[in-house]
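*Asks:* Chain A is already provided as a structure; the job is to place chain B on it using the hints.
Here is how the chains run, residue by residue.
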Amino acid sequence: MRYLKLYMRFIPVYFKSKTEYGFGFYMDFIGFAISHVVSYMVIWALMSRFETINGWNMYEVMLIYTLNLITFGIAGAFFFFQMDDVENMVHQGNFDGFLVKPINPFIHMIIKSFGHFYLGDIVIAIIMLAFCFQKLGLSPDMIAYAKLIFVLLGAVLVQASFIVMTGSMCFWLVRSRSIMNIVLFGMRGFVDYPISIYSKFIRILLTFVIPYGFVNFYPAQIILDKQDGALFAGWLPYATPVVGLILFMIAYKVYMTGINRYQGTGS
Amino acid sequence: MKLVLYREMTMNSFRSLLAFRAEVLLFLLSQVFRIFIQIYIWHALFDGKDALNSQAGAISLHEMITYVLISSVISVFATNDVIFRVSSKVSSGEIAMDLIKPMSFRSVVFCQMLGSNLYRILFELVPLIVISILFFHVQLPSFAHGIAFLLLVLGGLFLNFVITYTIGLIAFWYILIWQVNMLLNGLIRLFSGAFIPIWFFSDSLIQISYFLPFRLIYYEPISVYLGKISSVEELLLLFAQQLAWIVGLLLLQKWMWTKAVKRLVLQGG
Chain A
1 MRYLKLYMRF IPVYFKSKTE YGFGFYMDFI GFAISHVVSY MVIWALMSRF ETINGWNMYE
61 VMLIYTLNLI TFGIAGAFFF FQMDDVENMV HQGNFDGFLV KPINPFIHMI IKSFGHFYLG
121 DIVIAIIMLA FCFQKLGLSP DMIAYAKLIF VLLGAVLVQA SFIVMTGSMC FWLVRSRSIM
181 NIVLFGMRGF VDYPISIYSK FIRILLTFVI PYGFVNFYPA QIILDKQDGA LFAGWLPYAT
241 PVVGLILFMI AYKVYMTGIN RYQGTGS
Chain B
1 MKLVLYREMT MNSFRSLLAF RAEVLLFLLS QVFRIFIQIY IWHALFDGKD ALNSQAGAIS
61 LHEMITYVLI SSVISVFATN DVIFRVSSKV SSGEIAMDLI KPMSFRSVVF CQMLGSNLYR
121 ILFELVPLIV ISILFFHVQL PSFAHGIAFL LLVLGGLFLN FVITYTIGLI AFWYILIWQV
181 NMLLNGLIRL FSGAFIPIWF FSDSLIQISY FLPFRLIYYE PISVYLGKIS SVEELLLLFA
241 QQLAWIVGLL LLQKWMWTKA VKRLVLQGG
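Chains as they are written, first to last, in UniProt numbering: chain A, 1 to 267; chain B, 1 to 269.
It should be emphasised that the hints constitute simulated quantities derived from the structure, not laboratory data. The reader is advised that the hints may include incorrect statements.
[What the hints assert, rightly or not] Chain A regions said to be covered by chain B (calculated; three or more residues, Cβ under 8 Å):
no., segment
1, 41-55
2, 176-188
[To be verified] Derived CB-CB ranges, DEER-like:
no., chain 1, residue 1, chain 2, residue 2, range
3, B, G248, A, Y26, 30 to 40 Å
4, A, Q134, B, K101, 56 to 66 Å
5, B, D203, A, K16, 35 to 45 Å
6, A, I210, B, R7, 39 to 49 Å
7, B, E8, A, N181, 41 to 51 Å
[Claimed, not checked] Residues from chain B that face chain A, not an exhaustive set, calculated with beta carbons under 7 Å:
no., residue
8, K2
9, S13
10, F33
11, W178
12, L183
13, L205
Backbone N, C-alpha and C fix where the C-beta goes; we use that ideal spot for every residue, glycine too.
The shape of chain A in the complex, shown without the other chains (with noise of 0.2 Å):
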């Protein structure tokens, strides 16, 4: 509750220390836009020429990318710039004055600033996944969007989880930034796609050791209620969320035991 109302105090001053810059602000939402056109050009170009790649259609592909934007979206908006500030602070040796605060220093991390810039990728991927749905004609009742809902949260756990334990690694090396951009802009990329086209191995890799599968794939069978590119076990997919709440508890942990090791640069 207390955390609720400082948010609410911290959150106000953000924006309004960023609208100032006026028009570059909105500026910013273009730039991003952009380059998410292009992505859903590239695999309108590709599918309208090969029309299936492993029995997913244009539209289930475009669905695949949509929920690997939204999910990293709303977590990159909580987490991402977050973790860079903290990466930044360790880096110049003033994330001191972060951990004398009253504060448990997870949530002031996250309530510090906000990440307005993934505001446009949500924006445009709410009208993609809306898109998608009427293209495919899905028209889920009251339970299937709940239990979408429920499976997606999940999911922007996965992703939250990795912002924070790849942004975590600044406690060890100082400079995370390359560890986060190899994982987050890497190996994601291997759910661009559906994960049924990799090898074995590399599905229970995305599965069970670098879990990226439940960010869009499994979330994706449920929606689609897709079988036959059923991996391993057919409830697997409702695991989502549960993946995604043990995947954070880790990644709580690993930030907290970096704080613990944190000597400060000196300087």
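*Replies:* Leaving out everything else, chain B in the frame of chain A:
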């Protein structure tokens, strides 16, 4: 005399990059990921078939894998930071130091890019080629095709530099340059054939891509490598197109430069 100058400028940029060895390893790793993903995608798209029909005749899976690998080799050089270099020089005022150097601003930027490319040859290109040959048994072109390919790649890379430099000059008028950069990257991703070869495009996309210079950086050189384009006339036409784009952009860029320097106001000093 002048050459010594260029060499020093190039080596400076090379040395400053040597400080980031860990970054290189990670960059290499992300390249390998990209190659893996793309090869799996093509595997799935070929769906067990040996060859697919396309605008350039039948394409085998092995040719496609070679395409992916060559494309990522070219991308090692074609991803430069010229746009950001120019814009940060303008906004930080560092450009003042470049303007008093006894060489043109364009040459300064070019040498600095060359320096970082030199560094990439050592730490990114060589490992990438070793991986390609050892693990993917990439097919080698005939001697003549190989030479034509190398010349086209060089032309393409110079074209790439001129494109990015010209766009970088926009920074003199318009500070929010990274959106423009995003747009350029998007156009390249789609229309250069870096990921999807143009021979798999639909007719309307092919037409658009022929109005843009980007295919001359990736798609056309790789087509030559694979022997899809072999007649001398076609090759000459490609070189002519590269030359025409380069000359056209250089003229545009010269005109922009005379306007840009007049606008330049530097604070302090």
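*Asks:* Which numbered hints does this structure break?
*Replies:* 5, 7, 8, 9
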